[in-house]
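Q: Here are the chains, one letter per residue:
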Amino acid sequence: GAVVSQHPSWVICKSGTSVKIECRSLDFQATTMFWYRQFPKQSLMLMATSNEGSKATYEQGVEKDKFLINHASLTLSTLTVTSAHPEDSSFYICSARVPGGELFFGEGSRLTVL
Amino acid sequence: KQEVTQIPAALSVPEGENLVLNCSFTDSAIYNLQWFRQDPGKGLTSLLLIQSSQREQTSGRLNASLDKSSGRSTLYIAASQPGDSATYLCAVRGNQGGKLIFGQGTELSVKP
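Top to bottom, those sequences are chains A and B.
Start counting the first sequence at 1; every next residue gets the next number (this note's numbering).
Start counting the second sequence at 1; every next residue gets the next number (this note's numbering).
Please keep in mind that the hints were generated in silico from the structure rather than gathered at the bench.
Certain hints may be false.
[What the hints assert, rightly or not] Listed next, with one range per pair, are the computed distances between beta-carbon atoms:
| no. | chain 1 | residue 1 | chain 2 | residue 2 | range |
| --- | --- | --- | --- | --- | --- |
| 1 | B | K99 | A | Q29 | 15 to 23 Å |
| 2 | B | R72 | A | Q29 | 33 to 41 Å |
| 3 | B | N63 | A | P99 | 34 to 42 Å |
| 4 | A | H85 | B | N22 | 36 to 44 Å |
| 5 | A | R110 | B | A79 | 27 to 35 Å |
| 6 | B | K1 | A | T32 | 15 to 23 Å |
[To be verified] With a straight-line cut-off of 16 Å between C-alpha atoms, the simulated EDC-like cross-links for lysine to aspartate or glutamate are:
| no. | chain 1 | residue 1 | chain 2 | residue 2 |
| --- | --- | --- | --- | --- |
| 7 | B | K1 | B | D27 |
| 8 | B | K68 | B | D84 |
| 9 | B | K111 | B | D84 |
| 10 | A | K66 | A | E87 |
| 11 | B | K42 | A | D65 |
| 12 | B | K1 | A | E59 |
| 13 | B | K111 | B | E15 |
| 14 | B | K99 | B | E3 |
| 15 | B | K99 | A | E59 |
| 16 | B | K111 | B | E17 |
| 17 | A | K41 | B | D39 |
| 18 | B | K99 | A | E102 |
| 19 | A | K20 | A | D65 |
| 20 | A | K64 | A | D88 |
| 21 | A | K55 | A | D65 |
| 22 | A | K20 | A | D88 |
| 23 | A | K66 | A | D88 |
| 24 | A | K41 | B | E107 |
Backbone N, C-alpha and C fix where the C-beta goes; we use that ideal spot for every residue, glycine too.
Use the sequences and the hints to build the structure in full.
A: This is the structure:
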């Protein structure tokens, strides 16, 4: 299957700092990528749809100024958690869709805000 | 609004047993349905993708079926192994837009 790489896999930061997470499609071009958030023992919650060359589409209740998404190329989308607080601690997962419709996920990034 | 439900939430079986995981969805107007596996602290691994026009897909010991009219899908795992222990998630993609809606998952434990 297609490969989606996420970096970093884990990060610890102080409250008030910003953290950037990268999502790359390694062997295909992805015009659309998706960012999810997952709390322990819960399913994935879609945060936003990242569109190459245009603004991201955010789900209801997700602060776009808090979670900045940039999709500058066909193989890279970034999620920046700005002014992170402990309640932002979570597992963030990105995904990308291949032309056939199948969705492939990155390994996830665990963010811990102290 | 599409809702996806998975039953059971958790399942424990002895090694070698055949098992079925269930997934139901409320809106039958789907584009496709995808089954994933998630190991603790990891991302999702795609297992099977069923297009709306298909009835089933098979990969090795896994078989997924889709009954769109009744809003159901099952994932059949044959001859289960301890390495199959993980959380299994189903997700549906609607006809309108590309969003994938996930179920809560079934946490499977296969005992040696």
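Q: Mind listing which of the numbered hints don't hold for this structure, in increasing order?
A: 3, 8 and 11
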